[in-house]
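Number of protein chains: 2
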Amino acid sequence: MKTDTTTDAAANEFVLARHPEGIPVAGDFTLSRRSLNALEEGSVRVQTRVWGIDPGLRSRLSGVASYVAPLALGDAVTGFVAGKVLQSRDAGFAVGDIVTGSWGWRDIADVPARSISRAPEREGLPLESLLGLLGIPGITAYFGMLDIAQVQPGDQVLVTSAAGGVGSIASQIAKLQGARVVGLAGGALKCQWLLDTAGLDDVIDYKATPDLAAALASKFPQGIDVVFENLGNAMLDAVLPKMRIGGRIVVCGQTADYNLAPEQVHGVRNTRSIIAHRLRIQGLVAMDYAARYEEARRDLRAWAREGKLVTQEDIAIGFEQLPAAFASLFEANNLGRKLVVAA
Amino acid sequence: MKTDTTTDAAANEFVLARHPEGIPVAGDFTLSRRSLNALEEGSVRVQTRVWGIDPGLRSRLSGVASYVAPLALGDAVTGFVAGKVLQSRDAGFAVGDIVTGSWGWRDIADVPARSISRAPEREGLPLESLLGLLGIPGITAYFGMLDIAQVQPGDQVLVTSAAGGVGSIASQIAKLQGARVVGLAGGALKCQWLLDTAGLDDVIDYKATPDLAAALASKFPQGIDVVFENLGNAMLDAVLPKMRIGGRIVVCGQTADYNLAPEQVHGVRNTRSIIAHRLRIQGLVAMDYAARYEEARRDLRAWAREGKLVTQEDIAIGFEQLPAAFASLFEANNLGRKLVVAA
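In order, the protein sequences belong to chains A and B. Just so we're on the same page, the working numbering is the position in the first sequence counted from 1, plus 121. Just so we're on the same page, the working numbering is the position in the second sequence counted from 1, plus 121.
Check the hints yourself; a few may be wrong.
Computed from the model, here is a short list of chain A residues facing chain B with C-beta under 10 Å [to be verified]:
#, residue
1, 177
2, 269
3, 358
4, 375
5, 378
6, 386
7, 387
8, 388
9, 389
10, 391
11, 392
12, 396
13, 397
14, 400
15, 402
16, 403
Simulated from the structure, these hints should not be mistaken for laboratory data. C-beta: ideal position from N, C-alpha, C; glycine also.
With the hints as extra help, turn the sequences into a complete structure.
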């Protein structure tokens, strides 16, 4: 990487150093220090305060096309962030404004004004909420559970990765709608949090569950109406035969599959249930709801303020923690929304 | 089978003699002759005129539960039929009425009045239309294409089993909505019919196509918006990566999988497209639309009358042809709706 320290303004960024095979490691990324040119008209210089760490990034690291372009070697890692305006050459932003964008793993960045947004009203919620409850995780959970799953009172709901950033919010939204919610998570700590703090009805600790099909049958004797699915094909195959008539499966993430080569991915065979039980299986990308973000945030803020919806963050301190924080997402020891906060 | 010829009224039926393994053969069914008791109050004696021959029956023959109960050995084969009332002990039906029901592979049957319906208005269409355009095939095609797929002008549409009873109607409905429609069928005869008579934009003859993925890529350079899917998992897996953002896959039948043991069914792996392209995969059972049948029939009759929608029947003559007609469904030489008509 080229290093240039001849200008007074410099910035650090992490770039993709190699395409990870299997589970990513911190060494898949390299720190690069770049000089910053004079800020261009229409651009804004931002200092990052919080980085969101998302498993979905994994699908962009292998060089295979997905719903966003794959990263090439040497590319700066993208991702949702929040920060403060250091300098502005756009009428829409002033120094000190809090903004959000997807400038990624950079400590300071010059970005086009049109690529960032003024941060939404937090109503007393902490800055981190911009990348959690009020960010893509909260919005994903909200529209996934309400718009796609259309969860109804009395519905039998399974949320996978239930203790994660999206799943923990999705679970509680389903509870608020009057559903019975069972969370699937790995480990006693996460399961206890789901029961005691998030108020779920029941949990499946997959680390202590040798027979997932039997666990699903036992926790859902009447079958499942809604699955909020974050794991991938093996889970999809397991839930299909348990679905009730008119069941909905929101495909929100495929974390367990992101590290697999295509031929290693589990083959889904229980598709007879799709017709037999008139299932709807639907993919979810929060950005499709951009025009309705404020609708979600209004409810999410109110629920949080009233104590009806709790959030849990897993925070690492310091820009240099980004690669390790991302790699740790796949260790299945995560409780809550993974974030890195500037030191 | 017990045979009784001591009463003056007797009836024939085909019963399941063995659970077929793989492709069904005529010998999986046995003819049984039964005496008829005096007709009970609230029942109607019907003489079958037309039997609909549906691949979906296959899924009930293996003794495995599906969306309808599986048939046990010795059970009379069920299925949609149309017939004439011979005798009635119900105020709702009179001798000579044309009725439809699902009394199946029987030439004469005593059925509860509540289990049959007066045939809908045909407006000059032949009796066979009760089991085709105006029956479950037409209604499946109609709600599948309009209600579930929500086909739009300009959509790129693939219909599999396009020359079959459902697919041929679904293809033409999509054309009537202004979509570009490519039909997948086996053999030159069917493909020619789809192009020349049904007016499709293009066809894929899977018998002449060694590389299905390449054929899909060539016929859909811009990708696919709607798949009306009648075949099963291998086709589902092949179309997933070709889908455009917001694509819809209507799972209407799984004909190619019905004859396979569960472990032989193709494992679907290309599920990354579900999130990447925000797909909706949805199962369809026409009976769920029972309250809206007349809505479909009104349009279907009008299109047929105006010459905008053509139908093709593949008719065998005589009750005794039922087992062979059913077995022939899986020979892939079928053009149009398979029916048996009473001699």
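Checked hints:
{"no.": "1", "hint": "177", "in the structure": "holds (8 Å)"}
{"no.": "2", "hint": "269", "in the structure": "holds (9 Å)"}
{"no.": "3", "hint": "358", "in the structure": "holds (8 Å)"}
{"no.": "4", "hint": "375", "in the structure": "holds (7 Å)"}
{"no.": "5", "hint": "378", "in the structure": "holds (8 Å)"}
{"no.": "6", "hint": "386", "in the structure": "holds (5 Å)"}
{"no.": "7", "hint": "387", "in the structure": "holds (7 Å)"}
{"no.": "8", "hint": "388", "in the structure": "holds (1 Å)"}
{"no.": "9", "hint": "389", "in the structure": "holds (4 Å)"}
{"no.": "10", "hint": "391", "in the structure": "holds (8 Å)"}
{"no.": "11", "hint": "392", "in the structure": "holds (6 Å)"}
{"no.": "12", "hint": "396", "in the structure": "holds (4 Å)"}
{"no.": "13", "hint": "397", "in the structure": "holds (4 Å)"}
{"no.": "14", "hint": "400", "in the structure": "holds (5 Å)"}
{"no.": "15", "hint": "402", "in the structure": "holds (4 Å)"}
{"no.": "16", "hint": "403", "in the structure": "holds (5 Å)"}
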